[in-house]
Amino acid sequence: MGLLAAGIGAGIVAIGAGIGIGMIGKAATESIARQPEASGDIRGAMILTAAFIEGVALLGAVICILLALNIQIG
Amino acid sequence: MIQTLRRLVLLLLFIATNTSQVFSADDAKDEPVIDVVGTLADHDYFKAFGMKLYLPRILFWSDASGASQFGVYASTKSAIKSGDFVDQDHALVPADGGVVTFDMSITSHLIYFWFGMGSVVLLTIVASRRYRKGVGVYVAPKGPWQNIFEILFVFIRDEVARANIDKHKADRYVPYLFTVFMGIASMNLFGLLPWAATATADLTVTGTLALFTFFITQFSGTKDYWGHIFWFPGVPTGVKFLMIFVEVIGLFTKPFALAIRLFANMLSGKIMIIVVLGLIFIFAEAFGAVAGYGVSVISVALTATLYALKAFVALLQAYIFSLLSAVFIGMAAESHHHEGDEDHAMELSH
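Chain order of the listed sequences is A and B.
Take 548 as the starting number for the first sequence in this note's numbering and just add one per residue.
Take 16 as the starting number for the second sequence in this note's numbering and just add one per residue.
Source of the hints: derived by calculation from the structure; they are not laboratory data.
Among the clues, some could well be false.
Unchecked claim - Not everything, but these chain A residues come out facing chain B in the computed CB check (under 7 angstroms):
| no. | residue |
| --- | --- |
| 1 | A598 |
| 2 | G602 |
| 3 | L605 |
| 4 | L606 |
| 5 | V609 |
Small disclaimer: the values here were computed from a predicted structure and weren't measured.
Ideal Cβ positions, reconstructed from N, Cα and C, are used throughout, including at glycine.
Please put together the full structure from these sequences, using the hints given.
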């Protein structure tokens, strides 16, 4: 059961993070295309926001790893 | 909710500190094909070029009568040989029935932490000597190392510190941000060596670094910063009390997320490489040696790609850690003197 839950959880985490980072990428490329001279600032903001999403996604991934490895705590 | 959070923190601390002890118990029963966790866990030896150097154990424990004891041993084996400790599921337990209160042992992750920080110190001392002589001040910087140092230092100063922290205060935080960036980057890059351990794939290491950022953020907090936390401006009084809880929790989630992000990134990179390489042995076990050889072609190519990605992520995560540290410090050190500025401007215009 733990393995099944970990697998489903990892999939959902990947979907969520994928949508989030995809939207950032879309917005960033659109705004760079609209205003190429601001590409440096946009890239910085993009990496920063992607890092926040990644942090949440990795938190989910860590829980999935813990589930898969079946770690018990008292 | 809070209990769930606490449990999660406990779990993560548990996996970061105790993995070797927990999983070696399972290994005895049925040996797995690939020991994923064993390669990620902290060890009591330093491994290089196929040699194992056992590291000293420094332990505080309270014996059966409750009195605290202290002991330094050359290795785990000599701690057992001295008769003070017995081996229980690969964990040291005092022989007289006491409990280990504090384990200060030098471990492989700590060694690589020292390597990482040592390389920063070395690089900085060499560079500062050059600058004192005037190389790079009056004439152009000389040699690849000084050029790389200058590129990185100027990058951290301009793009990370000055871009996110109040102009007058930014330079004060450059040494910390540079140390953190270089330290994490070199620890991550040391982790790419095939025999090495990644110190940053350990929650205790990343937690310590995040704790530094936490304390620096709090100590550089201005009146406005604390005002925002304990008496949020511009909302009704009832909401102000609610905001205190939200803001106080926010104080701790920021460094917590910082530690988890770095830890999980480095850990997942390692796990991916081990798993992809492990597929070879899993297939060889399940479908015979030919399948193993067949999979190895794909696995090795994929691992090479992952390795390049890991080298990039190593630098990116160091950048993100220092960038977010700068953003948090910048938010705390910022003083909202907009009204004052406007008054001043009006006075000037009159």
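Structure-based check of all given hints:
Of the supplied interface hints, the one on A598 of chain A holds, with its beta-carbon coming within about 5 angstroms of a beta-carbon of chain B, less than 7 angstroms. Of the supplied interface hints, the one on G602 of chain A holds, with its beta-carbon coming within about 4 angstroms of a beta-carbon of chain B, less than 7 angstroms. With a cut of 7 angstroms, the hint placing L605 of chain A at the interface with chain B holds, because the nearest CB-to-CB distance is about 3 angstroms. For the restraint placing L606 of chain A at the interface with chain B, the shortest Cβ-Cβ distance is roughly 6 angstroms, inside the 7 angstroms limit, so the hint holds.
Below 7 angstroms, beta-carbon pairs count as interface contacts, and V609 of chain A has one with chain B at about 5 angstroms; its hint therefore holds.
When each numbered hint is compared with the structure, no violation occurs for any of them.
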